[in-house]
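Participant: Going letter by letter, the sequence shown gives residues 1 to 138 in my numbering.
Honestly, the hints are just simulated from the structure, not real lab data.
Check each hint, because a few of them may be wrong.
[As the list claims (entries may be wrong)] Each pair of labels, with its calculated beta carbon distance range: (1) 97 - 36: 25 to 33 Å; (2) 109 - 133: 28 to 36 Å; (3) 124 - 10: 21 to 29 Å; (4) 36 - 98: 20 to 28 Å; (5) 97 - 14: 23 to 31 Å; (6) 88 - 61: 36 to 44 Å; (7) 97 - 74: 31 to 39 Å; (8) 46 - 21: 47 to 55 Å; (9) 68 - 98: 19 to 27 Å; (10) 24 - 79: 39 to 47 Å; (11) 87 - 61: 51 to 59 Å.
Positions of the beta carbon are idealized from the N, C-alpha and C atoms, including for glycine.
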Amino acid sequence: MTGAGAGWGTLAVLALVLVVVAIALYAVRVRRIANRVGSFECALRRTGAKDWTSGIACYGAGRVYWYRLVSVRLTPSRTLARDELVVLARERRPGAGHVIEARVSHRGEVLEIAMVREAFAGLVSWLEAAPPRGEPRL
1 MTGAGAGWGT LAVLALVLVV VAIALYAVRV RRIANRVGSF ECALRRTGAK DWTSGIACYG
61 AGRVYWYRLV SVRLTPSRTL ARDELVVLAR ERRPGAGHVI EARVSHRGEV LEIAMVREAF
121 AGLVSWLEAA PPRGEPRL
């Protein structure tokens with residue numbers, strides 16, 4: 001093999017190694033987020049937008065953390081505070097009877113979320129179980 005041929009071969013091997021490492025890091029990130037207690041699949045889009053963004057949501061102390069499924073970020077893409085999150089409307093997704101689409105309001109911004117029926121029931125229960133707003137706590 002000539003020097004130029006060996007150089008291209010080395011470059012191809014390095015590129016392949018980089019691709020494998022990137023895929024492995026992505027898989028570890030998704031698994032780490034999805035395996036948290038209280039995590040569920042949740043797609044999100046801004047009202048009026050055409051495309052949904054797939055993600056994973058996780059319950060926190062007074063917040064829902066939403067992570068984009070395809071991302072390199074280790075931190076959530078959105079944080080929705082429990083006391084500022086309001087379900088405005090909900091309906092079953094046409095053609096997918098077990099998926100619920102809901103419009104929610106958070107800090108004046110209206111978003112659409114989609115998740116399976118069981119995850120939506122959990123979200124509504126979590127919201128309803130919040131302590132009363134504006135009243136003193138004992």
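Participant: Of all the hints numbered above, which does this structure not satisfy? Sort the numbers upward.
Facilitator: The structure breaks hints 2, 3, 5, 6, 8, 10, 11; every other hint is satisfied.
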